[in-house]
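Visitor: Knowing the structure of chain A, use the given hints to seat chains X, B, Y and C on it.
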Amino acid sequence: MDVAPNWYLALSAVLFTIGTFGVLFRRNAIVVLMSVELMLNAVNLTLVTFSQSMGDPSGQLLVFFSIAVAAAEAAVGLAIVIAIFRSKVTVDITEINLFKH
Amino acid sequence: MFFLLATVAVAAALGMLIARNPVSSALWLVLNLFCIAGLYLTLNASFIGVIQILVYAGAIMVLFLFVIMLLNLSALPGLEEIEWSSVGGFAVGLALLSQLLYVVALQFELGMDPVGAEAAAEVGSAASLGEILFTRYALHLQVAGILLLAATVGAVLLAQRRFQ
Amino acid sequence: MNIPHLTSLVIFLPALGAVLTLALRRASAIRWTALATTLATFLLSIGLFVGYDPSVSTALAPQLADVWAGWLPDGYDIKYFVGIDGLSLLLVMLTTLLGPIVVLSSWTYIGEKHKGYYALLLLLQTGITGVFTSFDLFLFYIFFELTLIPMYFIIGIWGGTERIYAAVKFVIYTLVGSLLMLVGILYLGYAAGDAVNNGVFTTDWYTLLEYNIPLAVQGWLFAVFAFSFAIKVPLFPLHTWLPDAHVQAPTGGSVILAGVLLKMGTYGLLRFCLPLFPNVAQSSAGLFAVIAIIGIIYGALVARVQDDAKSLVAYSSISHLGFVVLGLFAFTTEAMQGAVIQMVNHGLSTGALFLLVGMLYERRHTRLMDDYGGLATSVPVLTTLMVISVLASAGLPGLNGFVGEFLILLGSFKSPVIDSPVLIAFATTGVILAAMYLLHMVYRTFFGELTNEANAQMADLNGREFGLMVPLIVLMFVLGFFPSPFLRQTAPTTEFLLETVEEKRAAVERMEANDAATAEEPTQVPTAPPEGQEVSIDVPSTSP
Amino acid sequence: MTSADLLRLVLLLPLAGAVLNGVAPLFLKHLRTRETLLGTIGTAVVAIPFVLTVYLFVTFGGDPIVADYFTWMAAGDLDLSFAYRVDQLSLLMTLVVTGVGGVIHLYSIGYMHGDDGYWRFFAYLNLFIFAMLNLVLANNLPVLFLGWEGVGLCSYLLIGFWYTDLRNSAAANKAFIVNRVGDVAFLVAMFLVFRELGSLSFDVLLAEGPNLPEATLNWIVFLLFVGATGKSAQIPLFVWLPDAMAGPTPVSALIHAATMVTSGLYLLARLSALVLGAPVVMMIVAIVGAATALMAATIAVAQDDIKRVLAYSTVSQLGYMFMAAGVGAFFVAIFHVVTHAFFKACLFLGAGSVIHGMEEVEHGLEEQGRDPSDFDPQDMRTMGGLAEYMPATRTTYLLATLAISGIPLTAGFFSKDEILFKAFEYGYDGSTYAMAVWVVGILTAVLTAFYMMRSYVLTFEGEPRWPLSDQLAPHESPSTMTGALWTLGLLSLVGGFIGLPAVVQGGDWNWIHHYLGAKYGGPVAEASVQGHVPLALEWGLILLSSVIALGTVYYAWRVYLTQGLGYDAALKRRLRGVYQTWTDKYYWDEFYNEVVVDSLINGVARKGLAAFDTTVVDGAVNGVADTAQNASGLLRRVQTGLVQNYALALTVGAALLIGLMLYGV
Amino acid sequence: MDLSTAFPTLVTDLPAAFSMSVVGLVGLAMIVLDAFRNDHPAIPWLGVAALGVSAAWEATHLGAPQSTVFFETLRTGGFVAFINLIILLTGLATILLSVPYLNQLRYDYGEVYALIMFSTVGMIMLGSANNMVSIFLGLETMSVCLYVLTGFIREDEGAVESALKYFLLGAFSTGFFLYGIALMYGATGTMALPAMAAAELGTLSTRLLFWGGFALFLVGFFFKVSAAPFHMWTPDVYQGAPTPLTGYMSTATKAAAFAALILVLVHAVPGGEWQLSVAAVAVLTMVIGNVMALAQTNVKRLLAYSSIAHAGYVLVGLSAGTSAGYAGALFYLLVYAVMNIGAFGVMSMLEWDGKEGREQTLSSLAGIANDRPVLGSTMGIFMLSLIGFPPLGGFAGKYFVFAPAVDAGLTWLVVIGVLMSALSAYYYLRVVYVFWMQSADDVEATDPVRAAAFPRATVAATGTLVVCAVALVVLGVFFGGVLETTLGFFESTAMATAP
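Protein chains in written order, with our numbering: chain A, 1 to 101; chain X, 1 to 164; chain B, 1 to 544; chain Y, 1 to 665; chain C, 1 to 499.
It should be emphasised that the hints constitute simulated quantities derived from the structure, not laboratory data.
Small disclaimer: the values here were computed from a predicted structure and weren't measured.
Please note that a few of the clues may not be correct.
As the list claims (entries may be wrong) - Now the in silico label distances, taken between C-beta atoms and shown as ranges:
(1) C:Ala460 <-> B:Leu22: 21 to 29 Å
(2) B:Glu112 <-> C:Arg106: 33 to 41 Å
(3) C:Gly463 <-> X:Asn21: 53 to 61 Å
(4) C:Gly202 <-> X:Val10: 29 to 37 Å
(5) Y:Thr36 <-> B:Val474: 25 to 33 Å
(6) X:Asn21 <-> C:Ala460: 51 to 59 Å
(7) C:Gly272 <-> B:Leu22: 42 to 50 Å
(8) C:Pro373 <-> Y:Gln629: 29 to 37 Å
(9) X:Asn72 <-> C:Pro373: 49 to 57 Å
(10) B:Glu112 <-> Y:Gln629: 31 to 39 Å
(11) Y:Gln471 <-> B:Arg464: 51 to 59 Å
(12) X:Val10 <-> A:Val89: 31 to 39 Å
(13) C:Val470 <-> B:Thr108: 27 to 35 Å
Unchecked claim - Covered stretches of chain C (in silico footprint by chain A; criterion: 3 or more residues with CB under 8 Å from a CB of chain A, positions within the stretch not fixed):
(14) 8-20
(15) 149-163
(16) 167-179
(17) 261-274
Unchecked claim - Covered stretches of chain X, as calculated for chain A (at least 3 residues, CB under 8 Å):
(18) 3-11
(19) 14-20
(20) 24-37
(21) 46-55
(22) 59-66
(23) 138-148
Heads up, the beta-carbon is just placed ideally off N, CA and C, and yes, glycines get one too.
For reference, chain A alone in the conformation it holds in the complex:
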């Protein structure tokens, strides 16, 4: 660890925010999904930073599970995107608004 953990944390916050922007602004469902992955990764970074700087493995254990969850979510998410694409022939999430109000 060559710098203070705070730098890692700050980086993680920045990446998390970029991920948030991706979710808020991108219209492609898959890119949105990727942005979520980015957010999760940013959090993982925080967790690992804390875990390593405090010498407590449970943080990294959560990262382990988090990666597993991310994988599961990716699988389900992509399957949903495929299903959507089948019926609508688009993955533009601004065009997916059957339900409102």
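Guide: For chains X, B, Y and C alone, kept in the frame of chain A given last:
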């Protein structure tokens, strides 16, 4: 080392955010994930670093690319013209960022004693993680298995064509 | 006569009947079951009347009480606590009496979905009886709300063309008030628990009576309680649900609604608002008197210009209930007893009016007075009964209405709390207005030439209809000439209540004065009088 | 049998009659036509109490008998019983009520013959007697009020007896409601009494009432007087009485002439001790009475409907009685009540007999194929010459006319003269208003004699004026009716001897004064007069009124006999607008209908409150509901269906939540 | 600690994971069975049996003492048994109600039932969590299964769209949630809930870290329980998802998530600092849920907003921060589960075409109660209970979440709560009157009800609804015992609370 990886990670993340083509987005994200894996290694978290590359960069992102190819997606507008909601979203995002930074970084006095590098490497090793994973979190591991199974079954259920 | 759990039996027998009707299939079986249940309940309630001994003080507990303290866990001092005292007795009797009458009045009026109707009717009776017998505020609230659901369905399913609007309005309007009261109950329960019940949330009426509520809190608690009951009464200007509900409801519903449901509001004021919040109740008595009097006159004048007979009777209820509220807030024995008896009277006379209008409606399917005229020729018996009911409602001496109105006005006139004879004199003009709108109805409906063939062919009352009217008419005369047995039953409780109000008012004033005096160094002020303190017979001075 | 038991019978028999006559035929239709049975029961239940009352009267010892039957209401300080009081005043009134009542019942047997509502009629009449007995026998105000409203109810029922004609029902409503206006004042008076004295019993009231502060006493008496104006048809509440003639004529005779309308006087007499303590109110009473007397008399001059003339005459005579009350001569008022009951009942019954006859003519016209709709059997302009056809009616009517006109030695002469004398005496004593009242009294006496003679002449003398009078003729009424007429006619002639004026034996032979007067141990107090009117002046006054009566009667007799209706036209010409005002009854009805009732019902209630109710009160409630709906509609726009907007909301929420949480740290 | 020393403990603690194991294993068995005997009709009954057995097991453990198992990662005892009971019974009801519904749609896949089982496993883990890892894993297991269950009717655009929305927003909120855990972890250095409470939050920055993290953590929970402003997915998802599963989503998910939240509030952050935040969210949730529901014409959407509103009521109880408040909230969750599963159950029986689910307007159901009295009556009871009329469970529930809030000085919050309850009566009663008081003639029929297309009402499904309705009445009258039980969970020292 940190600053190099951090800069590249942020740049890659921004690249993902801005790229019009989903494929390039995905590739930018892969770059980002690699950087993060590198950062893990700088933190002496070797096991997670490896997992990161194997599972994330290797498996998940390939899945993404595969789906993008499968669906043959045309490029959608990236960051489309600014709308009110976008401005609002931007402001909110920045607000969130500033709050997060305020919480996590700006108070440079986190009352933790960073452990030494060896201790950190010890903690981040596969052995130490494996030990608690199979003892303390053994049940959780089973549930994680169920989760993955459910995801698999679910993905099939969702994506399969109906066979009559 | 010594029937165990008589009070509970009277409350829940109708509910049992309701369950029983659900199991039946044939319409006539359902009707007869309902009739049998309500009649049995009425007979049992006579046991209450006989069993209640007014000479025994109600200061400690109601009579014929049933208590089950194990209803809730220890953290809540909420009990199943029912019983009878002077305030509840007559209203319970009225409820049980109207039960069979309403069933009979619905005999042919309700043409479909018998099962639901009678089941709901019986359930409603359970709710109302429960309201009048609960000595636990929480239990009271449950019964209070329980009455809404059956009434909602009765209006909504078997009502007139605008039934849904009326039903929804009825429920929501009442609900707004009662839910706010719920907040008040919660607050009061905790506050009283802290003060007099070892920190345990309590809704026991007698425990609450021991608690002298600080003035600041009394204000808003009184406001939410009174608001809720004022909607139920209904007091001007919270009355608009009433004409809609009354007009749209089927006859049985209107009778219940006017006969006993509205009394839940005045009863609530009497049982809870006055004794629990005596200071605010007394200081706002003038306001309530004014509102009540506005209601009396307003209701009467609006009733006068209605074209719909039911709507006219509905507005007349607003006017009549104004008298009751006036009597409650006079804080004199005469007026309060008058108010109690007037609740019963209104139930009898307005109930009778609704029944008769309903009988007309059943024959001609219109409530517009212009569609009638000259009915005295074709239906003399109905006309006679109508005229008697109208006169009772208008407060003719010798009929029941007079007794209540007279006592109320007499007591209010000398009330030291309202202390405005001019105002009461103004209220008295309601007597003229009552004659105006009621006689107008008789005039338009029953007098004149029979011009409409359908009216000329109209059949007079049959045996069932006449039979169900007889008890009401007889009671109108009985209460008109011999009200004293009934007044005797209510007297001790009324006096107890007024004494309590006076004592508590003085206690709170002392408390506040002490607080003000010892503002610098707060000390523990005993909030409750010590146990077993003798009740002083210090009624507020009656002479001005 | 004790007096209390007898009293119970007196009270309950009419009630029993009412129930019997009212309820049984309601359900058993065949009973409705059993006229003899119904009539007999109806009359018997009044006649028997009359006999019993006579017995009580004869055996009455002088001390009031109070019969306290059972508690009516008891609450707080109030302990109210059904308590009755037998004393001189109530005995006298009971005699009048049952006596005149009995006669009128008898008369009704014939009069109502063939009417569909025969049973109802007797039920109502019996009920009326019951209520009236409650009124005069009560020993406390509420029981009196029970009777008070009870007679009002019966009046309502009987005015609207022929309900198929809506005009009758409207008149009934009017009577009831106008009476109620007075009743409200009565009620408030009771409340005031209770507030001040804590009791409503006459014993307490008469014992302690006079000691009340004068302001309080003024209010109590004034309010009671307002109550009395309603029941006894004084300005401003007299308007219902003329319309009340819509009822069957016996009703007009019994209720609206002889008994009910005098109850206001009875009330004042009963509470005379209190009234005397409120001199200001007494002045008001006298002035109102005088004004009413004069006004009603002028109106009566210009009416053509025979019953209407009598109705206004009643109002006028009631005004006379109030004049007496207003100068503190309550026993005289009661004296006039009694004599008035005789002659006015007689007049009404006579008029009823005439109408009976004229209806015969009407039927005849109908049979002849003429349209009878413009023929009014009560209109004096189509009568005339009835003396020939209805001799008994004519004679009795004439007797009563002479009595009311104050022809010397008739009943009316004594009572009227006594009123005038008392007013004069009171004025002589120094009250200016009493003098004015006396002048008005004289004027009214002139008018009374004039219009009564006019009605007699137009009805019975001259040539018949109805259509086809050569073919159609009315017949004399049956003997039950004429019997009643003769009884009352004779009483009108001799009834005055119970109150011979003071000039005779210094007033010692004034039986009624001795019987009722407080200074002789009776219940009725009277104003004490300091200055004594000289005997000569007294004689002069008597002479004056005799001359006036005789002169006016002669004059009216002469002009109407010679000119007939022509004299009315001449009057009309000569008096122009004034006469028109009389015909139109000073526009009181118009005033009430348009100014009071219409503005209240149509203006305030319909256009004001009912509109307010739907738009504002109801509108507010619906408005709240609409607002909620609209808010819902607006808020719904936030739910765009776009994922990113949802995510944005989530992010905003997260930012806010962090802010809120950190704010507290 | 190595495996050999840990193993005995794991074995000893296994009974504590009885339900989780049984349900999870049976879920696996279903997958296996489905692989060989595709869509076998016995599969749902297998699930019913497993859930039933587990529920019975949990019912016997309601009085068990509070304790921890599996190295303090999970809790056991009465509280957990209570929540598990709600979850299991809800799952049971869901399966019973799903059978006719899915049969009608011909989507009676074995996998669906398996996913319900897996999701139940996640919920159980969530509801018994004593550790952030357990919470995270439980939440995610539950969620991933629900994403699939929302959208598995692929031919229905609405369902798939719902799934997408649910998934995207769910994953998004997971990001916040995980971030929150990370920060709390960073501030306290532990994942175990009681240890978090015990940790010293010395410096300002640690406190900021902790409370900032807690706020983010709450975002995740508020999302799951659909509290405003994190609720916006709810109506869209509820509308599009298959109706019985919507019921499952709206009840079991909430029960589990609220249970975990209570555990966190009790064990990890016992203190009043969060009270205001939770109260604020409660207000917003109640107002938005109820106001938005007013103008809905689609029943399922209406019920979605209603479920948002009810989350608000539960939050009122939580914001009291007292044991009575938590006990009330638990009681409320039970009642809420019963009435909502019932309401969605009724709707599932009255859905004439699942693919056109978004067309199921309220007015098309005018007078339906006359044809289907049982459904009408039970729906009436559910609606009245949702309003909070005594003597139905909904009233008792509301009473015992509002009362502690008043006791805690949050009277203003309760006033808002009751006013919103009164408002809610308007739309719930609309359902009632459309069912009971209108007839088809009263509405301009846009789309006549095709009664033939209704799912065939099985005895089991109807029975479930009737049981729910009766349970509501029982809970509305004899709530004392249940309340005493829930109060008992917080009285023992292990779960002592205290602001």
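Visitor: Determine for every hint whether it applies to the structure shown.
Guide: We went through each hint and held it up to the structure:
no., hint, result
1, C:Ala460 <-> B:Leu22: 21 to 29 Å, "holds, 22 Å"
2, B:Glu112 <-> C:Arg106: 33 to 41 Å, "holds, 39 Å"
3, C:Gly463 <-> X:Asn21: 53 to 61 Å, "holds, 56 Å"
4, C:Gly202 <-> X:Val10: 29 to 37 Å, "holds, 32 Å"
5, Y:Thr36 <-> B:Val474: 25 to 33 Å, "holds, 31 Å"
6, X:Asn21 <-> C:Ala460: 51 to 59 Å, "holds, 52 Å"
7, C:Gly272 <-> B:Leu22: 42 to 50 Å, "holds, 49 Å"
8, C:Pro373 <-> Y:Gln629: 29 to 37 Å, "holds, 31 Å"
9, X:Asn72 <-> C:Pro373: 49 to 57 Å, "holds, 54 Å"
10, B:Glu112 <-> Y:Gln629: 31 to 39 Å, "holds, 32 Å"
11, Y:Gln471 <-> B:Arg464: 51 to 59 Å, "holds, 56 Å"
12, X:Val10 <-> A:Val89: 31 to 39 Å, "holds, 35 Å"
13, C:Val470 <-> B:Thr108: 27 to 35 Å, "holds, 33 Å"
14, 8-20, "violated (count 0)"
15, 149-163, "holds (count 9)"
16, 167-179, "holds (count 8)"
17, 261-274, "violated (count 0)"
18, 3-11, "holds (count 4)"
19, 14-20, "holds (count 3)"
20, 24-37, "holds (count 6)"
21, 46-55, "holds (count 5)"
22, 59-66, "holds (count 4)"
23, 138-148, "holds (count 4)"
Hints 14, 17, counting from the list given before, are not met by this structure.
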